[in-house]
Amino acid sequence: MRQTVEAERPAPHWEDGQTGARQRHFWDSEKRLAVVMIAPAILYIACMVGFPLVLAILYSLSDATTGDPSLHLVGLKNFRDILQDPVFRKSLGNTFIFALVSQTLVIILSQALAMALAKEFRGKWLARFFILLPWTAPIALGTIGWLWMLDSIFSPFDWMLREAGLLGTKNALLGPLSNLYWLGEPALAMTSVILVHIWRIMPLATVILLAGLSSIPQEILEAAEVDGAGFWRRHLRITLPLLRPIISIAFLFGLVFTFTDMTVVYVLTRGGPVHSTQVLSSWAFFKGIEGGDLAQGAATAIFLFPLLAGVAVLILKMARRSEVT
Amino acid sequence: MRSLKKLMERATLYGIVTFFALFSVFPFYWMLIAMFKRDHDLFNPSANPFLFNEPATLEHLRMLLYDTLFLKYLWNTCVVGMSVVVITLIIAVPAAYSLARWSGRWGENLGIGIFLTYLVPPTLLFIPLSRLVGFFGLHESLGALILVYPTFTIPFCTWLLMGFFKSIPKDIEEQAMIDGCSRMGAMVKIIFPLSVSGILTVVVFAFTLSMHEFIYALAFISVSAKKTISIGVPTELVRGDVFRWGPLMAGALIASLPVAVIYTFFLDRFITGFTMGAVKG
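As they're listed, the protein sequences go chains A and B. Sequential numbering from 1 applies to the first sequence in my numbering. Sequential numbering from 1 applies to the second sequence in my numbering.
Hints were generated in silico from the structure; no laboratory data involved. Check the hints yourself; a few may be wrong.
Okay, derived cross-link-like pairs now, DSBU-like style, lysine-lysine, Cα gap no bigger than 30 Å in a straight line [what the hints assert, rightly or not]:
no., chain 1, residue 1, chain 2, residue 2
1, A, K77, A, K90
2, B, K170, A, K317
3, B, K170, A, K124
4, A, K31, B, K166
5, B, K5, A, K31
6, B, K189, B, K170
7, B, K189, A, K31
8, B, K6, A, K119
9, A, K317, A, K31
10, A, K119, B, K170
11, B, K189, B, K166
12, B, K6, A, K317
13, A, K124, B, K189
Examples of chain B residues toward chain A, derived with CB under 8 Å [claimed, not checked]:
no., residue
14, L51
15, P55
16, A56
17, T117
18, I154
19, R183
20, F192
21, P234
22, S256
Here the structure is a predicted model, which is why all the values come from computation and not from measurement. All C-beta atoms in this analysis are idealised placements derived from N, C-alpha and C, irrespective of residue type, glycine included.
Start from the sequences and build out the full structure, keeping to the hints where you can.
Following this line, the structure appears as structure tokens:
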């Protein structure tokens with residue numbers, strides 16, 4: 001009886017017919033399987049990211065327009081042209097100012113917020129939901145809320161300032177006009193854009209830092225407290241150094257997101273007033289898509305590339321280091 | 001003395017949390033109020049804007065649902081989102097599995113390389129991609145977005161899933177293969193059922209990321225009826241310089257909240273992807 005059972009058991013697959021054996025052999029090779037499975041992803045990325053990237057560089061060296069998209073190379077002419085363009089220079093400067101100022105503030109503020117959220121307290125889930133909203137809601141829609149809040153006539157900020165007597169009377173601190181025109185004055189418009197960027201990226205930075213905080217062994221902090229180290233001493237000497245890699249990651253991602261973003265500027269100001277809040281992305285969009293000048297649009301966007309490459313290298317280095325430890 | 005210090009600590013804690021929670025939620029609260037305010041109340045600069053000075057109204061909501069293409073935008077967004085989810089799963093799941101099991105320098109480099117493509121921004125690609133989309137005859141169609149959105153969902157989702165598959169010990173598959181499963185069988189029958197939660201995460205992200213996207217949609221679509229939520233609401237509810245603030249705010253709020261709620265549940269996994277093992281545990 002036992003023998004028949006033995007005989008009825010399916011033969012081990014290497015004793016199957018020849019074709020079957022060969023097929024199995026093909027899929028059982030780890031290397032080959034790995035290559036076949038990853039091929040579609042690499043193919044897609046090569047076609048839809050790699051190729052367009054090359055195309056963007058080619059466009060920037062050509063005189064292509066939407067009307068005549070044929071690639072006729074003209075060398076570095078576009079770059080010479082846009083470097084002379086005051087709007088481009090303003091955009092380049094703004095891109096750096098918006099990204100660096102907002103992300104520096106985000107890193108400082110989100111540390112305080114992450115440390116608060118690391119503690120237990122009542123209503124934490126609701127606070128967390130509220131705090132995450134700017135990141136979890138679509139950015140274009142969140143920014144619309146700000147557009148209404150910064151309205152030239154109906155802004156609640158202006159209303160509060162008026163009620164406080166700081167605005168709208170003859171000797172008021174902020175001037176006799178009844179409104180500040182948040183998006184109409186260059187300096188205020190820039191401040192508004194930075195404020196919205198902070199609002200948007202802070203949840204991401206906070207959650208990244210929170211993950212970092214939870215990985216710091218509590219015993220070290222407790223030991224330091226027993227030894228008499230105060231809050232600031234513990235923060236500066238223990239928490240911050242241990243948190244440094246994770247802070248840099250939060251900073252780098254925030255930098256990439258604000259540096260390349262055009263949604264906030266597009267929805268809030270469209271680059272105005274008089275290009276005072278224009279950034280590289282929005283200017284590339286207005287030139288390349290709305291203006292139809294593919295070549296100059298591409299050349300404008302290319303200026304984002306060196307910074308992104310730099311950030312990528314830094315992230316790579318950090319990824320390597322974390323693999324070693 | 002000690003209890004006073006504790007009290008101060010608590011007060012600071014609540015102070016910080018309350019301040020930031022209000023800062024974060026305020027624009028959404030502002031949408032909520034505008035959504036139900038009568039126009040006369042909404043456009044009265046001297047009235048207290050924080051309160052309802054006149055009875056609330058559903059007029060804006062009615063206008064949003066019946067006089068605009070809002071529901072059409074929602075539908076378009078869902079079509080694009082679902083298609084992107086399917087494409088992302090088909091391409092990213094095998095790729096991630098392959099990278100997770102393909103040990104050695106090559107596999108690691110390839111993984112990081114794929115993640116880095118996530119950092120190539122739409123801003124750099126929308127000009128050439130708009131030509132490419134035109135070449136495929138997909139101008140002014142949802143197909144354009146379905147073709148292009150995986151450029152950001154695939155890299156990120158592959159990276160996330162890779163970490164997930166790595167956490168499943170290799171022994172399980174080896175055991176299954178000893179028990180008579182083929183290599184493919186071990187993967188499909190043993191590993192995929194174990195990764196349901198990872199795959200669910202990817203579904204949520206591919207969907208929310210495509211719902212958030214703005215630049216490509218703005219560059220490729222200008223026909224009203226083909227717009228998605230994130231461009232339809234900001235561009236179509238504004239006519240020239242006339243802002244229909246009530247419906248605009250209603251649309252923004254209604255479209256944001258559901259995504260935000262789902263996203264919040266999965267955010268921690270999203271962050272794991274970003275921190276890339278810089279945080280252990």
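For each hint, the structure was consulted:
no.: 1; hint: K77(A) to K90(A); result: holds, 20 Å
no.: 2; hint: K170(B) to K317(A); result: holds, 28 Å
no.: 3; hint: K170(B) to K124(A); result: violated, 38 Å
no.: 4; hint: K31(A) to K166(B); result: holds, 17 Å
no.: 5; hint: K5(B) to K31(A); result: violated, 62 Å
no.: 6; hint: K189(B) to K170(B); result: holds, 14 Å
no.: 7; hint: K189(B) to K31(A); result: holds, 20 Å
no.: 8; hint: K6(B) to K119(A); result: holds, 13 Å
no.: 9; hint: K317(A) to K31(A); result: holds, 27 Å
no.: 10; hint: K119(A) to K170(B); result: violated, 37 Å
no.: 11; hint: K189(B) to K166(B); result: holds, 17 Å
no.: 12; hint: K6(B) to K317(A); result: violated, 42 Å
no.: 13; hint: K124(A) to K189(B); result: violated, 40 Å
no.: 14; hint: L51; result: violated, 11 Å
no.: 15; hint: P55; result: violated, 19 Å
no.: 16; hint: A56; result: violated, 17 Å
no.: 17; hint: T117; result: holds, 5 Å
no.: 18; hint: I154; result: holds, 6 Å
no.: 19; hint: R183; result: holds, 5 Å
no.: 20; hint: F192; result: violated, 13 Å
no.: 21; hint: P234; result: holds, 5 Å
no.: 22; hint: S256; result: holds, 4 Å
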